[in-house]
Amino acid sequence: MQTFDLEAEGLRALNSSLHALKGATNMTAWEVINPKGAHAIAAGVDAPVDITVRGSTGYYCAGMNKQATIRIKGSAGPGVAENMMSGTVIIDGDASQYAGATGRGGLLVIKGNASSRCGISMKGIDIVVHGNIGHMSCFMAQSGTMVVLGDAGDALGDSLYEARLFVRGSVKSLGADCIEKEMRPEHLALLADLLKRGEADGKARPEEFKRYGSARKLYNFNIDNAEAY
Amino acid sequence: MSDFPHTPPKQSWTFSNDVNAEIRRAAATGIYDIRGGGSKRRLPHFDDLLFLGASISRYPLEGYREKCATDVWLGTRFAKNPIHLDIPVTIAGMSFGALSGPAKEALGRGASAAGTSTTTGDGGMTEEERGHSKTLVYQYLPSRYGMNPDDLRRCDAIEVVVGQGAKPGGGGMLLGQKISDRVANMRNLPKGIDQRSACRHPDWTGPDDLEIKILELREITNWEKPIYIKIGGARPYYDTALAVKAGADVVVLDGMQGGTAATQDVFIENVGMPILACIPQAVKALQDLGMHRKVQLIVSGGIRSGADVAKAMALGADAVAIGTAALIALGDNDPALEAEYNKLGTTAGAYDDWHEGKDPAGITTQDPALFSRFDPVLGGRRLKNYLKVMTLEAQTIARACGKNHLHNLEPEDLCALTIEGAAMAGVPLAGTNWIPGRNGF
Numbered sequence: 001m002q003t004f005d006l007e008a009e010g011l012r013a014l015n016s017s018l019h020a021l022k023g024a025t026n027m028t029a030w031e032v033i034n035p036k037g038a039h040a041i042a043a044g045v046d047a048p049v050d051i052t053v054r055g056s057t058g059y060y061c062a063g064m065n066k067q068a069t070i071r072i073k074g075s076a077g078p079g080v081a082e083n084m085m086s087g088t089v090i091i092d093g094d095a096s097q098y099a100g101a102t103g104r105g106g107l108l109v110i111k112g113n114a115s116s117r118c119g120i121s122m123k124g125i126d127i128v129v130h131g132n133i134g135h136m137s138c139f140m141a142q143s144g145t146m147v148v149l150g151d152a153g154d155a156l157g158d159s160l161y162e163a164r165l166f167v168r169g170s171v172k173s174l175g176a177d178c179i180e181k182e183m184r185p186e187h188l189a190l191l192a193d194l195l196k197r198g199e200a201d202g203k204a205r206p207e208e209f210k211r212y213g214s215a216r217k218l219y220n221f222n223i224d225n226a227e228a229y
Numbered sequence: 001m002s003d004f005p006h007t008p009p010k011q012s013w014t015f016s017n018d019v020n021a022e023i024r025r026a027a028a029t030g031i032y033d034i035r036g037g038g039s040k041r042r043l044p045h046f047d048d049l050l051f052l053g054a055s056i057s058r059y060p061l062e063g064y065r066e067k068c069a070t071d072v073w074l075g076t077r078f079a080k081n082p083i084h085l086d087i088p089v090t091i092a093g094m095s096f097g098a099l100s101g102p103a104k105e106a107l108g109r110g111a112s113a114a115g116t117s118t119t120t121g122d123g124g125m126t127e128e129e130r131g132h133s134k135t136l137v138y139q140y141l142p143s144r145y146g147m148n149p150d151d152l153r154r155c156d157a158i159e160v161v162v163g164q165g166a167k168p169g170g171g172g173m174l175l176g177q178k179i180s181d182r183v184a185n186m187r188n189l190p191k192g193i194d195q196r197s198a199c200r201h202p203d204w205t206g207p208d209d210l211e212i213k214i215l216e217l218r219e220i221t222n223w224e225k226p227i228y229i230k231i232g233g234a235r236p237y238y239d240t241a242l243a244v245k246a247g248a249d250v251v252v253l254d255g256m257q258g259g260t261a262a263t264q265d266v267f268i269e270n271v272g273m274p275i276l277a278c279i280p281q282a283v284k285a286l287q288d289l290g291m292h293r294k295v296q297l298i299v300s301g302g303i304r305s306g307a308d309v310a311k312a313m314a315l316g317a318d319a320v321a322i323g324t325a326a327l328i329a330l331g332d333n334d335p336a337l338e339a340e341y342n343k344l345g346t347t348a349g350a351y352d353d354w355h356e357g358k359d360p361a362g363i364t365t366q367d368p369a370l371f372s373r374f375d376p377v378l379g380g381r382r383l384k385n386y387l388k389v390m391t392l393e394a395q396t397i398a399r400a401c402g403k404n405h406l407h408n409l410e411p412e413d414l415c416a417l418t419i420e421g422a423a424m425a426g427v428p429l430a431g432t433n434w435i436p437g438r439n440g441f
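Those sequence lines, one after another, are chains S and F. Note that our numbering has the first sequence beginning at 1, numbered continuously upward. Note that our numbering has the second sequence beginning at 1, numbered continuously upward.
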């Protein structure tokens, strides 16, 4: 285990060290202490390493992550795991707005609640939220899967493309072109897998969720749908 | 029949034939007009300015003997690897999707041969463009289509796009006709849908967030890449100041003549300001902050000739960017294709339905039958020639004003032909000492 004191050594030194791991490395486990809400912690990592951040983080922790498993032993500021490509990010606490924004791959697990715009414009990432998600989550979400064990706020999935949304609790309102859809066996299997990988398999069963997706009515402009634009 | 003479038919200025035609089109279709390009209005522009040239009090340089340098450094504020270009005319961001792959290749070829940069667009980075561009600026857009850290690291500069002159406050649009398999794959979208790009970035709001976003981009790229911030011509003084505050190395300022691949005509013609009105405001902001020439300013929107380049630089820009003019150099709207433009219900010079993907020049299309007509090698050569001519023209003017570098041009070298031009550019009306708006007049 390599321990890095962020307060003492600074952000640039941390990220330089982590970026230098690209390719073969023997240092498979890193621990970052004294994060104290710093921004861009472990942003742009591209190596199959385990990084544990002991404390809460500021903006864009694990931004654009590739391959790494990053655990945040606290809460995460805005844009955690934004545009993640692959790997896993697990947050013990809550996540601020834009969690997993535009993520293209990998798995983001939020064990607390997520604020507004969680999964905005997601492009292939899988997100599992143990608690609730805020308003405008999954806005313009293109692909990937969102699993919410709690409730969803207003305008879930507004202007949704092909992302799959599963919510166990209530949905305050659905956004434009987002509808409830039939839950089929393949969706239950997908959910079971994500609940397990998202460390939530003991907390919920796939049968308890409802599925939401795009009605695909706004895919091509139609004057009869003008009120939705 | 009356013996009195009839009043001759008189068309309304307010309800002109063009206006009436648009009313009828709207009534028939129920949808606003969508088109490409920039504003087609007659706007105050660089044509409203003139250079004074040398005189007894100003010493000219010999046109073919004395050097007039044209190079420019971009990104000297924070980036470890600032960009050095031979000429101050860059190629503006235009997406693969809006443009064909061969057209993007031609832009890279032409820009590289002329010693300047080209820029990606709202569709990610293509191999054609990266492979043929010596210096490639990678746009970071609200949609984040195609965004990935590998491309971020293999570009030469990053341009965070906040706004665009054709549509400040608006997002992008690429209609289903142009969402081919390749475009759909790059954008993670179903084929054939109307793609809407967001108007705001998904993970930051306001200048304080932007500062942190730029920190993240710098961290991911080891602080090597210059970071540009592109703004539309909305509130250039404040937007420039905020871009500097957020940590920009370069501000890119785009006026309403700047083109778009597709958006509503009402947006293009009624939102934003002409570039002439924007440049002095942006320069003032940089000067007030003590950052003029430290944070470089690139301006775009209706740049057509070396005279426009020289005027923009005399007003304080460090470089310019061209989009529409570059497409015309490649062959867009060429009268040689008139018969085919006629079949599309238009005429050469007026063709702007780029979103329909039927461009007979093979430039603004994803139809293989059309884009295979376009020769990227020839297109690149034409663009290089055009860029060289613009540079020679700008040098000609600069020497006539006694300048041994294009950057030495200054507002004092200019006068204006119109009161509007004088007020916007902040230079005297020709033959007077009057700068409207200055000193209370």
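No wet-lab data here; the hints were simulated from the structure. Treat the hints loosely; a few may be bogus.
Unchecked claim - No farther apart than 30 Å at their CA atoms in a straight line, the calculated lysine-lysine pairs in the DSBU-like style are these:
1) Lys36(S) x Lys388(F)
2) Lys384(F) x Lys67(F)
3) Lys191(F) x Lys66(S)
4) Lys134(F) x Lys343(F)
5) Lys191(F) x Lys80(F)
6) Lys134(F) x Lys66(S)
7) Lys80(F) x Lys22(S)
Each hint, compared with the structure:
Restraint check for Lys36(S) and Lys388(F): the C-alpha separation of about 53 Å exceeds 30 Å, so the hint is violated. Between Lys384(F) and Lys67(F) the CA atoms are separated by roughly 21 Å; this keeps the pair inside 30 Å, and the hint holds. With a C-alpha separation of about 27 Å, the suggested pair Lys191(F) and Lys66(S) falls inside the 30 Å cut-off, and the hint holds. Distance restraint check for Lys134(F) and Lys343(F): the Cα-Cα separation of roughly 38 Å exceeds the 30 Å cut-off, and the hinted pair is therefore not satisfied.
A distance of roughly 40 Å separates the Cα atoms of Lys191(F) and Lys80(F); the hinted pair therefore is violated under the 30 Å criterion. Among the hinted pairs, Lys134(F) with Lys66(S) is consistent with the structure: their alpha-carbon atoms are about 27 Å apart, no more than 30 Å. Taking the CA atoms of Lys80(F) and Lys22(S), the gap is near 21 Å; set against the 30 Å cutoff, the hint holds.
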